[in-house]
Amino acid sequence: MSETTLEIKDLHVKIEDNEILKGVNLTIKSGEFHAVMGPNGTGKSTLASAVMGHPSYEITQGSILLNGEDVLEMEVDERARAGLFLAMQYPSEISGVTTSDFLRSSINARRDEDDGIPLMQFIKTMDNALDELDIDQNMAQRYLNEGFSGGEKKRNEILQLKMLQPEIAILDEIDSGLDIDALKVVSDSINNVREETGLGCLIITHYQRLLNYITPDFVHVMMQGRIVKSGGADLAQKLEAEGYEWIKEELGIEDETVGQKA
Amino acid sequence: MTVKTKFPYDKDYVTSFSNKKDEPEWMKSLRLQAFDQAHDLNMPEPDKTNIRRWNFTNFELGAEGSTISSLEELPNELQDFIDQDNVPSNIHIQQNGTVAFSTLSKDLQEKGVIFTDIFTAMKDHSDLVEKYFMKEAVAVDEHRLTALHAAYLNGGVFVYVPEGVKVEEPIQSIFWQENESSALFNHVLIVADKDSELTFVENYISHNTEQENVSNIIAEVFAHDDANVSYGSVDNFAAGTTSYINRRGVADERATIDWALGQMNDGNTVSENVTHLVGQFSVSHARTVTAGRGKQTQNFTAITHHHGKDSDGQILQRGVLKENTTSIFNAIGKIEHGATRANAEQESRVLMLSKDARGDANPILLIDEDDVTAGHAASVGRVDEFQMYYLQSRGIPKQEAERLIILGFLEPVVDELPIPSIQKQLRTLIERKIY
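Chains L and V are the protein sequences, given in the same order.
262 is the number that the numbering used here gives the last residue of the first sequence; the numbers go up by one with no jumps.
1435 is the number that the numbering used here gives the last residue of the second sequence; the numbers go up by one with no jumps.
Check before you lean on any hint, since a few could be wrong.
Claimed, not checked - Computed list of lysine-lysine pairs in DSSO-like fashion (alpha-carbon distance at most 30 angstroms, straight line): (1) V:K1166 / V:K1424; (2) V:K1398 / L:K153; (3) L:K124 / V:K1424; (4) V:K1006 / V:K1135; (5) L:K14 / V:K1424; (6) L:K14 / V:K1398; (7) V:K1398 / L:K29; (8) V:K1131 / V:K1021; (9) V:K1355 / L:K124; (10) V:K1021 / V:K1135; (11) V:K1398 / L:K9; (12) L:K22 / L:K9.
Just so you know, the hints here were simulated from the structure itself, not pulled from any lab data.
Please construct the entire structure, taking both the sequences and the accompanying hints into account.
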């Protein structure tokens, strides 16, 4: 895989009239795993959604570049085909569309119109991925996310990550709703992709727990809509042991949240 | 005072048509009486749709078709309706007023199954047809269009399944109104005797995009005790045709009548689908799907009418509307006094693809009994932007994402159609109407 760089520069984002991100700077390269941590309400998920192009968020300032190309000028589907992927915290349920048909459409969207993935090859790839993620084969024929448990939805997101092979993936609280066994399965799968493809990754999480299984190269702490501190994997361990208070004290922050009305 | 309406064909025409078909006396007198009644009866009044200015009188009658000796002779446009992998052995094809092709497997013939055009049935099985024809399900004198139907009847089939016979392979009818100005007054009469099983599928096709025409369709289905009838349809009358379509069922004890109706007409349409759940433990699932385009106005009324104890009636309506189309969906669960432990559920959902389209979903419960369960749900909305975002975030282009969501929205009904080739045909029609 060629070297890919995602650059987020001075990103300001608002939802309705609330500014949530107030100047985020972050660069992610192929093979690098970044974790963005922080308490609730500090703008972590907004960052993930803004990069992918969620319709509720408005970029008011700054830029996002993928290998120098302006991501903000791209439609959501163009961003995906350019190599971005977001494992969502709350994926939509889509009635009447099977997970299998959806996956096939997603893969074929990356290929020439007259060169769709051969059916047998698709089924084989999907079956392997389902096995690796310990997902019941029936899920492929169920309607996308409809009636899925929280854990099934998260596994389904990683199934897609595995099958679509993006350059840069953002995992938005992929650990919430997963028990410890499921967390291990999902982490193993992500680590496999990391090794096989040189994926670059931005992991958004409240908890250090996930980072016990997926070791980040960089850890960033987000407060008040900005990255306020960055470090290595040891920073995550310190946060696990000591919480966030020491950072707030160090930086003189009283309320770490952003965009929430009292 | 009623203004005397002039119909395009007079009583002499009705008499000579009946003579030409060599009909039994009861049918001829039924026609003539109906013709007289039609003058005095009112037009039907579908709830929330005004049909007063619709064309129900400008049409011709009398076009014939030609017979073919094998299904391979069918034109390409009809080949799509035939399951090519599994060539049907029970199929009836009507071109205008002519039986073009008709076949029923030897096995079913030997078991006493009757599958023939309605005129042959009236001659060969006169008593049987007379017993059911326009009596319990649809009455001749309900309104002007039912009376005109009886007077001008010019096509249709009769199906009889004897007691205990399970028809494994579907029975299919294709009604091809190939002549652009000749109207179709088509009647499907199905009688499933005790403990029998039948899957019936019908297709209506016409090509008159400009030429005005009329279709007046009635289907009557009788499922006697423990019988099980699955009824699928794909209607595809062209934009020039104004359609009145009335499909009714009567289910006796423990009988089931399931409907899966793909109502894909391009012209103005009034469609009624009523199931009388007469017997205890009778069941009906009434599913319908439509895609509206252009300026067409459509009214879909589905009713499960509960008379029997422990009867279960479920209505599911789905519609996708684009351009300037208007569609009204009325889903009615009616429970009579004494129908204890009946269950009536209605769900009507409409997806709007243009700001000029109008859609209205009205689930209605009319309950005259205390010990029942009932529920309804309705929604009229647009393609969900978060669903779009989700699909697009996987690289699926906007138009393809929308296509997936729309087809998925209609899938719960499409998936219930009994023959795979008909499902495929319906999906193709849906895509053609939407894109």
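Checked hints:
{"no.": "1", "hint": "V:K1166 / V:K1424", "verdict": "holds, 25 angstroms"}
{"no.": "2", "hint": "V:K1398 / L:K153", "verdict": "holds, 23 angstroms"}
{"no.": "3", "hint": "L:K124 / V:K1424", "verdict": "holds, 26 angstroms"}
{"no.": "4", "hint": "V:K1006 / V:K1135", "verdict": "holds, 26 angstroms"}
{"no.": "5", "hint": "L:K14 / V:K1424", "verdict": "violated, 45 angstroms"}
{"no.": "6", "hint": "L:K14 / V:K1398", "verdict": "holds, 24 angstroms"}
{"no.": "7", "hint": "V:K1398 / L:K29", "verdict": "holds, 28 angstroms"}
{"no.": "8", "hint": "V:K1131 / V:K1021", "verdict": "holds, 19 angstroms"}
{"no.": "9", "hint": "V:K1355 / L:K124", "verdict": "violated, 43 angstroms"}
{"no.": "10", "hint": "V:K1021 / V:K1135", "verdict": "holds, 22 angstroms"}
{"no.": "11", "hint": "V:K1398 / L:K9", "verdict": "holds, 28 angstroms"}
{"no.": "12", "hint": "L:K22 / L:K9", "verdict": "holds, 11 angstroms"}
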